[in-house]
Amino acid sequence: MTPATPPAPAPTSGELAALVEEATKKSGLVWVNGRAVWHAWIDGAMYVLTGGPVEQPAPPGLADGAVASVTVRSKDKGGRLVGWQGRAAVVTADSEPWRAAVTELRTKRLNSADADTATERWARECTLFRLTPEGPPAEHPGAMPTASGAAPPRPTPATTRHPIPAGLPKLLTRRRKRG
Numbered sequence: 001m002t003p004a005t006p007p008a009p010a011p012t013s014g015e016l017a018a019l020v021e022e023a024t025k026k027s028g029l030v031w032v033n034g035r036a037v038w039h040a041w042i043d044g045a046m047y048v049l050t051g052g053p054v055e056q057p058a059p060p061g062l063a064d065g066a067v068a069s070v071t072v073r074s075k076d077k078g079g080r081l082v083g084w085q086g087r088a089a090v091v092t093a094d095s096e097p098w099r100a101a102v103t104e105l106r107t108k109r110l111n112s113a114d115a116d117t118a119t120e121r122w123a124r125e126c127t128l129f130r131l132t133p134e135g136p137p138a139e140h141p142g143a144m145p146t147a148s149g150a151a152p153p154r155p156t157p158a159t160t161r162h163p164i165p166a167g168l169p170k171l172l173t174r175r176r177k178r179g
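Under UniProt numbering, the sequence shown has 76 at position 76, and the numbering climbs by one with no breaks.
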C-alpha cells in the first residue's frame, strides 16, 4: 500500500496575484468576456485597445466601470491557466497612462500598416481600457472548473461529407497510370 499524497497547500493571495500578472504578461492573447483580444500588461493592470475601423472590436459588456471576465491561457500548453475579474476604466487620450500604454501596445501590434502614425489614429478613433484585477482569481491551478468552457457549435446548413463511392479509388488510380 502506497502512502497517500497530502493535498498541496492552497496558494496565498500573493501567489495568486503573481500568477495573474505573470500569466497575463506572458500571454499574447487573452479572452475578455469571451472574445479574444491582444493586450499589454503595465504596472499591475492590463490594457486593451478597441474600436476604429481596423482595430479589434470591443468585447461584449466592456464599458467604463464594468467588471470584465478575463481568461488567460498558458504560454507553454495553450490551455486555460487562470481566470480573473477586472474593473474596466477608460483611459483618456494624451494622459500619462495613455502614453505609457500605447508605447507598449505599439510594440505588440503586429502588421500595422501605419506603425508610424498609429498612436495619433488610436487617439482619434479608438478606446483604451485599463482592466485592474479585483479579488482573487476564480480559476487557477487547483481550482479549475470541470466543464470545458467551449461554446456549443452554431447551427449551420453545412453537412458532413458522405462516404466515398466504392469505385472512385479505382477510377483515380487509372487516371494516374495513363498520365
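Because the hints were derived from the structure by calculation, they are not lab data.
From a predicted model like this one, the values you see are computed outputs, not experimental measurements.
Please note: incorrect hints may appear among the correct ones.
Straight line, CA to CA, 27 Å or less: simulated DSS-like cross-link-like pairs of lysine-lysine [to be verified]:
(1) 77 / 25
(2) 77 / 108
(3) 25 / 75
(4) 170 / 77
(5) 170 / 108
(6) 26 / 75
(7) 25 / 108
(8) 75 / 108
Taking the hints in turn, this is what the structure says about them:
1. Pair hint residue 77 plus residue 25 holds up; C-alpha atoms about 16 Å apart against a cutoff of 27 Å.
2. Pair hint residue 77 plus residue 108 holds up; C-alpha atoms about 21 Å apart against a cutoff of 27 Å.
3. Restraint check for residue 25 and residue 75: satisfied, since their Cα atoms lie roughly 10 Å apart, inside the 27 Å limit.
4. Distance hint between residue 170 and residue 77 is unfulfilled; the C-alpha atoms sit about 43 Å from each other, more than 27 Å.
5. Taking the CA atoms of residue 170 and residue 108, the gap is near 52 Å; set against the 27 Å cutoff, the hint is violated.
6. For the hint pairing residue 26 with residue 75, the CA-to-CA distance comes to about 7 Å; that is within 27 Å, so the pair holds.
7. This hinted pair checks out: residue 25 and residue 108 have alpha carbons roughly 12 Å apart, not beyond 27 Å.
8. For the suggested pair residue 75 and residue 108, the alpha carbons sit about 16 Å apart, so the restraint of at most 27 Å is met.
The earlier numbered hints that this structure contradicts are 4, 5.
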